[in-house]
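> Here's the letter readout for the chains.
Number of protein chains: 2
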Amino acid sequence: MFESAELGHRTSKAAYEAEVPRLREALLDAQYDVAAAGRFPVLAIISGVEGAGKGETVQRLNEWMDPRHIRTHGFIAPSSEEAERPPMYRFWRALPPRGRIGIFFGSWYTMPILERAFNRIDDPDLDRAVNEIRHLERMLYNEGMLMVKFWFHLSKETERERLRELEKSPRTRWRVTKRDWALFKRYDKLREVSEHVLRETSTFEAPWIVVDGSDRRYRELTTGRVLLEAMRRRLDAPETAPSVTAAPIAPQMDNVVLLRNLDVDRSLDKKTYGEQLEKYQGRLSLLVRSRAFRRRSLVLVFEGTDAAGKGGAIRRVTGALDPRNYRIVPVAAPSDEERAQAYLWRFWRHAPGQGEIVIFDRSWYGRVLVERVEDLANEADWMRAYDEINEFEEQWLRNGAILCKFWLQIGRDEQLRRFKHREQTRFKRFKITQEDWRNRKKWAAYEQAVADMVDRTSTEIAPWTLVEANDKHFARVKVLRTICRALKNAV
Amino acid sequence: MFESAELGHRTSKAAYEAEVPRLREALLDAQYDVAAAGRFPVLAIISGVEGAGKGETVQRLNEWMDPRHIRTHGFIAPSSEEAERPPMYRFWRALPPRGRIGIFFGSWYTMPILERAFNRIDDPDLDRAVNEIRHLERMLYNEGMLMVKFWFHLSKETERERLRELEKSPRTRWRVTKRDWALFKRYDKLREVSEHVLRETSTFEAPWIVVDGSDRRYRELTTGRVLLEAMRRRLDAPETAPSVTAAPIAPQMDNVVLLRNLDVDRSLDKKTYGEQLEKYQGRLSLLVRSRAFRRRSLVLVFEGTDAAGKGGAIRRVTGALDPRNYRIVPVAAPSDEERAQAYLWRFWRHAPGQGEIVIFDRSWYGRVLVERVEDLANEADWMRAYDEINEFEEQWLRNGAILCKFWLQIGRDEQLRRFKHREQTRFKRFKITQEDWRNRKKWAAYEQAVADMVDRTSTEIAPWTLVEANDKHFARVKVLRTICRALKNAV
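Protein chains in written order, with the numbering used here: chain G, 229 to 719; chain S, 229 to 719.
These aren't lab readings, by the way, just hints derived from the structure by calculation.
If chains are identical, the list can't say which one is meant, so a pair holds when it fits in one copy or spans any two.
Capping the alpha-carbon separation at 30 Å, the derived lysine-lysine pairs in DSSO-like fashion look like this: (1) Lys241 x Lys700; (2) Lys507 x Lys396; (3) Lys498 x Lys241; (4) Lys670 x Lys656; (5) Lys241 x Lys499; (6) Lys669 x Lys700; (7) Lys656 x Lys241; (8) Lys507 x Lys241; (9) Lys716 x Lys406; (10) Lys716 x Lys396; (11) Lys417 x Lys396; (12) Lys656 x Lys507.
Let's have the full structure, built from the sequences with the hints guiding it.
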């Protein structure tokens, strides 16, 4: 993989100076076209060995293009907010929005490669990290991102020379640190690991460009040209994202049975309700105050039929909690900042810190529920969402989150009764809109969407809890009990 | 101030239970009206002595209203991102947007009061903190926020009893910490300081409500009633913010002389430019790498006539910097999340961390420039902005920021020449729009706005640098030299 990057490519000064003005103009032009189109973000990932000119090239790209519309991120030590959250959090928050160019100096590749090379993780860990990256990049591609990944390479001999050279001059000496030499000592292992990772992640969606880093002019021109070509091709290409998947979901009428067989009428009498409510609220309150929970977090997802009582159930949960520790995220239409990013971005920004509780009132499942049924997302987009969501939840879980997902189900008649009641009660009037009545007409389509959702995202690590909700008492107690059990098993 | 809160107000169980259902319904109703109107945010600040039921009341408010549209913030230890920034940063990022209710449990009052009571700061420090708070609250009021500040009070005797009582039961024992007793030991001093601070900050814009905390039912009802009344009054009031200031700015034709007398034609020959550029870029590059700068930050503000060369000047600055350390914030139309907040919110979110450089391409001065000239802000709003901006900059400076503000000025003829050139150059075409031509017609109005801006915001701690910019070489070198001097003086 690195052989051709060790041939010692060089560009003469004359050739460089002849090309740069044209290249610069074309890059600027492409940059403004990207901004004007506002259709997709551009992400350039700059990785590679130390001393191969990564920093200088990033500098040059900022010089050639309009730096006001580029955001360069160097990922060094994470802040405390970042350190508490899943490793991908800091990258998610740095992703460029549509129309902008982001340059990642260091990226999600840095830690896995370094940790493997220094034997802090083993091969299966590395494979998992690689899988996670492939997954992320495929999703970003599907969400419209143009991603260009550069790997700056130097042969062992050239790297040694380069570091020595930098150390000689007082102007550049500061750039060579002990860490650089420590890395150099691991050159062979780093090379082996990098090559493996690059091979595994050089995909159709986000191929690697290996750049011979030995000559400044060559590597700058190469990087500039590749970036230009990538932006230009994408700008000129018609928008033809696949809108249907290879194979449709066969209408599996049988999987809605699960939902239909739910005995939505299960109930609790008032007295039992009072006792159980107190019992589980007390238990919940103790569990989240436990020492063990301080290093964990709790994520609750509430979905359900309209008027199924999500709000009331949430209130019975928060009734047991200290308002300083929880945050409720009501999920409605995205803001324009959210719309300019990949779908999951708006949920990543609410990732809980240690000891925090985040309650989603509707959630990322919107894509496979309302967006599917109302044709707001095309089939390819909501079909890939199942897989993306599973991966997303896995990352949060691996970071210590305890996740409970609730689907609250009521019967059609009960829904009608509640709609009417809401229309008649002054302080509930906000809870019923024309949209609710429209949704009600699509009962069967929603039923199918829910069944598919449960089929495809109820995993052993993140199961759905179906809640029979015609009786609010029963539903609330079931929700509380489920949360208590999940917490108890975890802490 | 606290006398009437020591009378031992009580509410009987019967009275409480009779009122709560009505109060709750009315609160919910008001909450939804606030959300539907989307005109203003509501902020309830909950402060006071330990053991006075602050936490329980916050809990109750979340229970009575719809917690999905409330965001409660407890301000305990700041995160590393917050600790590096000015103290107000963490409060700014937690402010509720229009239409939402925020509850601050702990607030900008906590630290000044505690630090004074424990003699960690002295009276002048406290006065400064109080001034800063008054300033902030006045601004938030002017920006439309409804602010209700509650102080929960207990007499010394009652507080002692309360703490002992909590310690008795195993269910509540965890709530009493060593810190609570340490605070109790300072009761008298805390009372004295609090009383002083409350008196100084009980303003028309944000009055304090002192609540007798000795009886649970009384304090809950009182808080609920006050909050309800505040929301209701505000909802019912016509939108009659004053749109003009008491006294107009007299057309001070003389202050534009400063700008007009500027010799915009000052120039540098190409050779000198090359030398000076290298010299100051080298110096800048060293200065920001200095050890001392690691605990400081650099904030650059670029404003100027259209086509005055802001972008080119910024590029010469960033040419000397490591792209990982700086961030350019191009200021254009606000996003909808920004529009839902007070004006300065969109700049606070870019506050630099330690060792960081933030470059604003246009800035918070937009309010007194384009918004003033184009009538996008009314007179009262842009008039108060001068003062708000000075205060804002002072906070950043006090936190270690080094601030340079540049106004780049070119002559009218030069502007015309540049506009025409831009229209003819392909990769500069984006730089010239119909709006630029329209602005050009308002030359005199902009001149006046700039003169007033410099008059009112060029303070000794944050002076403006007027840059003669007909000759780009001269302008760029002046900018670089100014930054180097400011850094040299500071680090």
